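The numbering used here numbers the first residue of the sequence shown as 51 and each following residue consecutively.
These are calculated hints, taken from the structure and not from any lab test. Worth double-checking, as some hints may not be accurate.
Unchecked claim - Quick list of simulated restraints, FRET-style, between CB atoms: (1) M117 / Q67: 19 to 27 Å; (2) S113 / A73: 14 to 22 Å; (3) E93 / A73: 18 to 26 Å.
Every value quoted in this text rests on a predicted model; they were computed, and no experiment measured them. Every residue gets a Cβ at the ideal spot worked out from N, C-alpha and C, and that includes glycine.
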Amino acid sequence: MEQAPESMRHGAEQLSQTHHLIAEILPELRPAEMQTVYFQCMEDGPESLLAPIEAEFARRGLSPHAMTFG
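My request is simple: use the sequences and hints to build the entire structure.
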């Protein structure tokens, strides 16, 4: 049981790195690509990634729920 907290910490570190990388590349993604990532996060998580994606959509004056962009 003592190993569980260590593995959980390691998993949290990896997730944090993933969050950082995704947030870093969001400005380079096309809206349709961001939408794919957004709905994948809604389906499979982590939900904590939704906020930065929603913020990038808002920055561009778009919505992740739009069916077409342009």
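Hints versus structure:
1. Range check, M117 to Q67: about 32 Å between beta-carbon atoms, so the 19 to 27 Å window is missed.
2. Between S113 and A73 the CB atoms are about 19 Å apart, so this pair conforms to the stated range of 14 to 22 Å.
3. Range check, E93 to A73: Cβ separation about 19 Å, and the 18 to 26 Å hint holds.
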